[in-house]
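Asks: So you can see what is in the structure, the chains are spelled out below.
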Amino acid sequence: MKTKQRSVDFTGYWFILPCFLLLLGVLGFPMVMAVLNSFAPIWTKGLSNFTLAYYRKLFNDPIFFNSLLRTVYFVGATVALHLVLGLLVALALNSAIRARRFFRVVAILPWTVPDVIAGLVWACMYDPLSGLLNDALHRLGLIASPVEWLANPRLVMPSVILADVWRGYPFVMLVLLAGLQAIPREQYEAAKVDGASALHEFLYITLPNLKPLIAIATILDIIWQTRRFGLIWVMTEGGPARATEILSVLAYRQYFKFFNFEYASAISVVLALILLAIGIPYIRAISRRI
Amino acid sequence: MNRVKRFWLFLAFVTFAVLGSAQKVTIVLSNWHLVEPHWEKSIKEAVAEFMRRNPDIEVVLDYVSYAEKETKYMTAIEAGVGPDVMHLGPAEISFGLFASRGYFYDLTPFIAREEPGFLDAWYPAVVQALTYNGKIYALGNNYQPMVLMWNKRLFAEAGLDPEKPPATWDEFLAYAKALTRDRDGDGRIDTWGFGTVGRVDPGFQLRFTPVLYSFGADYLTPDLRCAAINSPAAKEAVKFWVELYTVHGVIPPGVTDMSPGKVREQFAAEKIAMKITSAWNLPIVRTLRPELPWAEIIGVAPIPVKRGLDPEYRTTAFLSYYAMNRNTKHPEAAWRLLKFLTSKEAQEKWFRDAYVLSARRDVSEQYEPLLADPYARAIAAALPTAKMVPMIPEWPQIIEAINVAVQKGFIGEPIDRAWAEAYRKINEILEPYRPRGAACPPY
Amino acid sequence: MAMRALLIRGGVYLFLFFILVFNLTPFFWMLSTSLKTDAEVHAIPPTWWPRQPTLEEGYKKVLMWTNFPRYFLNSTLVSLSAAFISTLVGALAGYGFSRFYFPGRSFLIGILLASQMLPGVLLVGPYFKMLAKIGLYDSHLGLILAFSTLTLPFSAWMLKGFIDTVPHELDEAALLDGCTRLHAFIRVIFPLITPGMVATVIFAFLLAWGDLLWALCLTTTDSMATVTLGLSRLVTQFRVIWPQLMAGSVIAAFPPMLLYLFLQKYLVRGLTGGAVKE
Numbered sequence: 001m002k003t004k005q006r007s008v009d010f011t012g013y014w015f016i017l018p019c020f021l022l023l024l025g026v027l028g029f030p031m032v033m034a035v036l037n038s039f040a041p042i043w044t045k046g047l048s049n050f051t052l053a054y055y056r057k058l059f060n061d062p063i064f065f066n067s068l069l070r071t072v073y074f075v076g077a078t079v080a081l082h083l084v085l086g087l088l089v090a091l092a093l094n095s096a097i098r099a100r101r102f103f104r105v106v107a108i109l110p111w112t113v114p115d116v117i118a119g120l121v122w123a124c125m126y127d128p129l130s131g132l133l134n135d136a137l138h139r140l141g142l143i144a145s146p147v148e149w150l151a152n153p154r155l156v157m158p159s160v161i162l163a164d165v166w167r168g169y170p171f172v173m174l175v176l177l178a179g180l181q182a183i184p185r186e187q188y189e190a191a192k193v194d195g196a197s198a199l200h201e202f203l204y205i206t207l208p209n210l211k212p213l214i215a216i217a218t219i220l221d222i223i224w225q226t227r228r229f230g231l232i233w234v235m236t237e238g239g240p241a242r243a244t245e246i247l248s249v250l251a252y253r254q255y256f257k258f259f260n261f262e263y264a265s266a267i268s269v270v271l272a273l274i275l276l277a278i279g280i281p282y283i284r285a286i287s288r289r290i
Numbered sequence: 001m002n003r004v005k006r007f008w009l010f011l012a013f014v015t016f017a018v019l020g021s022a023q024k025v026t027i028v029l030s031n032w033h034l035v036e037p038h039w040e041k042s043i044k045e046a047v048a049e050f051m052r053r054n055p056d057i058e059v060v061l062d063y064v065s066y067a068e069k070e071t072k073y074m075t076a077i078e079a080g081v082g083p084d085v086m087h088l089g090p091a092e093i094s095f096g097l098f099a100s101r102g103y104f105y106d107l108t109p110f111i112a113r114e115e116p117g118f119l120d121a122w123y124p125a126v127v128q129a130l131t132y133n134g135k136i137y138a139l140g141n142n143y144q145p146m147v148l149m150w151n152k153r154l155f156a157e158a159g160l161d162p163e164k165p166p167a168t169w170d171e172f173l174a175y176a177k178a179l180t181r182d183r184d185g186d187g188r189i190d191t192w193g194f195g196t197v198g199r200v201d202p203g204f205q206l207r208f209t210p211v212l213y214s215f216g217a218d219y220l221t222p223d224l225r226c227a228a229i230n231s232p233a234a235k236e237a238v239k240f241w242v243e244l245y246t247v248h249g250v251i252p253p254g255v256t257d258m259s260p261g262k263v264r265e266q267f268a269a270e271k272i273a274m275k276i277t278s279a280w281n282l283p284i285v286r287t288l289r290p291e292l293p294w295a296e297i298i299g300v301a302p303i304p305v306k307r308g309l310d311p312e313y314r315t316t317a318f319l320s321y322y323a324m325n326r327n328t329k330h331p332e333a334a335w336r337l338l339k340f341l342t343s344k345e346a347q348e349k350w351f352r353d354a355y356v357l358s359a360r361r362d363v364s365e366q367y368e369p370l371l372a373d374p375y376a377r378a379i380a381a382a383l384p385t386a387k388m389v390p391m392i393p394e395w396p397q398i399i400e401a402i403n404v405a406v407q408k409g410f411i412g413e414p415i416d417r418a419w420a421e422a423y424r425k426i427n428e429i430l431e432p433y434r435p436r437g438a439a440c441p442p443y
Numbered sequence: 001m002a003m004r005a006l007l008i009r010g011g012v013y014l015f016l017f018f019i020l021v022f023n024l025t026p027f028f029w030m031l032s033t034s035l036k037t038d039a040e041v042h043a044i045p046p047t048w049w050p051r052q053p054t055l056e057e058g059y060k061k062v063l064m065w066t067n068f069p070r071y072f073l074n075s076t077l078v079s080l081s082a083a084f085i086s087t088l089v090g091a092l093a094g095y096g097f098s099r100f101y102f103p104g105r106s107f108l109i110g111i112l113l114a115s116q117m118l119p120g121v122l123l124v125g126p127y128f129k130m131l132a133k134i135g136l137y138d139s140h141l142g143l144i145l146a147f148s149t150l151t152l153p154f155s156a157w158m159l160k161g162f163i164d165t166v167p168h169e170l171d172e173a174a175l176l177d178g179c180t181r182l183h184a185f186i187r188v189i190f191p192l193i194t195p196g197m198v199a200t201v202i203f204a205f206l207l208a209w210g211d212l213l214w215a216l217c218l219t220t221t222d223s224m225a226t227v228t229l230g231l232s233r234l235v236t237q238f239r240v241i242w243p244q245l246m247a248g249s250v251i252a253a254f255p256p257m258l259l260y261l262f263l264q265k266y267l268v269r270g271l272t273g274g275a276v277k278e
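Chains as they are written, first to last, in my numbering: chain A, 1 to 290; chain B, 1 to 443; chain C, 1 to 278.
In short, the hints are calculated from the structure, not lab data.
Some hints here could point you the wrong way.
Unchecked claim - Where chain A lies over chain C, by a calculated footprint (3+ residues, C-beta under 8 Å):
1) 50 to 64
2) 72 to 83
3) 171 to 179
Said to hold, decoys possible - Here's a subset of chain C near chain B, in silico, CB distances under 10 Å, partners left out:
4) 41
5) 67
6) 69
7) 126
8) 132
9) 164
10) 168
11) 229
12) 244
13) 250
14) 265
No residue lacks a Cβ here, since even glycine has one placed at the ideal position from N, Cα and C.
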């Protein structure tokens, strides 16, 4: 990797051309329009009413800031749990265990459920009276009265996060498993010869090899989790009392329920800028690495 | 008229007729009822009948779910396409938004062509609700007033007179307390007096508005320029509502996550004894628990009122409507379909098949089978006391503010603070309606 | 030492057991609900397993009443196409970014990421307008293009990461053998990055499979609808038709499962890739 010559080679453009043609053709227009829409009601009046009023409104809106905090909470918790659980399961599945095939299938299973369905199923299990969870806890003698998983503003976010972790960690697991598979065996064998412990192997071989994939998976997961919508919408619609109203839910409501297209666009643009601010160091690091 | 002229006229007529029948016009009808198994058949039959009578029109059916229809129509109409005829409801979450953005085809000219008094068949409140800036954009379809339903079995078990529903909210509370109890004797309360929607959901408005009205309060001032929830009556109403849960415990736990469907499940499971609902409840409760004789168990009563009060309006209603897309290429055909679907004949069939009350007075007040059904009759009797909420484009935002305030009350925040917050929020939303600089009274 | 290894193994199995329970409980609930009658679903307290399991209320109705088999076919077609387009185009781009230096490279990588940051809520409307202009709405092509593009940045990033781990000597050797760049890519790189490609195929497939918003807005006729869209209609105005919804969801889990089972062996085969690494 170090021996790579840094000469400019325009052949690269041919390889990335199809990718950017697709991006430009499909998302170019919608993205430009979405950004412009945060400054003016472009669909009805064009750009003649250009204004920063929507952004001003945004920065004076306590609901927006509340929602921003909820988003940080939700994204931080889910991404961290996806990563930890994904890594642990990937390591376990990569070791020499019995019934590896079976476990690999089971591990991926939750991901095959569309997130709206996942939300419905979990909401069904969380039901205080007819749900599986309270019934199980009650039978085990752990609770005396029904727990209001989704109705209690303090419990609702952890409940939603648990459902999302169930749905979301298999993806990270799969990426990391693929990464683990790609680590050359020789490195471990060499380490064995040197008498390295398992922890040593993990810290000095596994983790460095996985690092680029972990970095990619994390930044992408952050972006997707910030946009995650269907699961929360069917479970709580952002409630109770805005306790789970993350920005994607707020933007959806403003756009499709209130038809405040401009305001919804402003929310999303601000969110995209925040993500970009987080993402740029990542991009820098990743493109410099090689 | 000479012969030659007559011949040419005849020829023109024949050509026209032949061309007309050869060129069938295709229009799309989008209706969320199509995805409800027990209603799909009825709609299909009605459409088949329409096509039989109008051989020049082919109707294509478009399936859409209840929750997603507005999203889908809006995206399509904005892009210049979409179904020709749409069925939308509840009216307050879509009508103002769609009408103010010009998504509908103006029906006023079509109606002007009909015989005078065409609109008199509908309840005036419906016609008024579906008029925007003096133009009529839709015709009413389903129109179901919210009423109080109670479980006579549970009333009797709790020692109450099963034939005597509460008439005032004081009575209601006393009954609800008596009905909230431990029926299986394990020391835990398992049946509650009342169940309601506490989630952010269109169903919330339908259950909360009757309480507000029956306390003699309203959401907005009559000129729609300011919120009116700072009135003592409104404060009293919301306090009463929230305390049913927080103080009296007559509503089962988890109210802030209760959707209309879940409350219905609780009612069917006999976990709650009373609820605010309408005609749709009976058939669905029957599906959920077919083994019970629901016709004997359920009672229907008008919404209770505050003691000593006799408000003109004490309830609201679920209103759905048929409208035409502004992008339709065949307005004539679409109008014929819309007119047929809202006709007396079609609405009577709709009641027979779906047990839904009509926005047409000549159906809900005159149709024999409807009047012969004790439940339908009792529910229809509440229609004249129903008032629709204002169909302004800002309504969804206004009711969300109210909904969240009530949620805050339910989860234990001081309701007065949450209510004041909602008051300010609504006035902020209504700012464009006020002359520049004009302020609303303080809370 | 043997004791410790045993303990570790035991720990691993215990952990996997918890994962098993965590992963399967919702599935168990789905399966159980799909075999219940409409009335039993709402029992308080719930029955863990139906008193009399029945296929009538869930499976039969969902297969008979709705256009479900058709939705199935549509979803499979759309998701598979999107998955393969996204992976192929993504692999090409990944190779371009991994192996070449050209002006604007970092910037373009950034664009790739930035294209992910606006939510679909905002994009679906303008995209629909675009499709309506060229008459492509209510077509599977419109959906396929959307899903391929939405997953493309992931595929490109992911596969760039995998190609980075392949030693340059390999494709340089191929070039010396007289291969063109594209040839070298197909002959040498492709086989070595299969695990990554499997991951992106599965990812793109599932994104397309589980999407609701785009399918809802971009299709109008019933014969174009996808599985998730069909399932969402079982959440009706007055209630969720649980047995049918769960039966449909159980059936809908099969195509992704089969795809995964089929691709699983390739997920493992990439091992050989490292053999030549210095």
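Asks: Are the hints correct? Go through all of them and say.
Replies: Evaluation of the provided hints:
1. 50 to 64: With 0 residues close enough to chain A, the hint is violated.
2. 72 to 83: With 0 residues closer than 8 Å to chain A, the region 72 to 83 of chain C misses the three-residue bar; violated.
3. 171 to 179: violated (count 0)
4. 41: For residue 41 of chain C, the interface hint holds, since the closest Cβ of chain B sits about 9 Å away, which is under 10 Å.
5. 67: holds, 8 Å
6. 69: This hint is violated: residue 69 of chain C lies away from chain B, its Cβ roughly 15 Å from the closest one there, beyond 10 Å.
7. 126: It holds, given that the least Cβ distance between residue 126 of chain C and chain B is near 9 Å, below 10 Å.
8. 132: holds, 4 Å
9. 164: At about 40 Å, which exceeds the 10 Å cut-off, the nearest Cβ of chain B leaves the hint on residue 164 of chain C violated.
10. 168: violated, 48 Å
11. 229: holds, 8 Å
12. 244: Holds, because the Cβ-Cβ distance from residue 244 of chain C to chain B comes to roughly 9 Å (cut-off 10 Å).
13. 250: violated, 19 Å
14. 265: violated, 39 Å
Consistency with the previously given hints fails for numbers 1, 2, 3, 6, 9, 10, 13, 14, ordered from lowest to highest.
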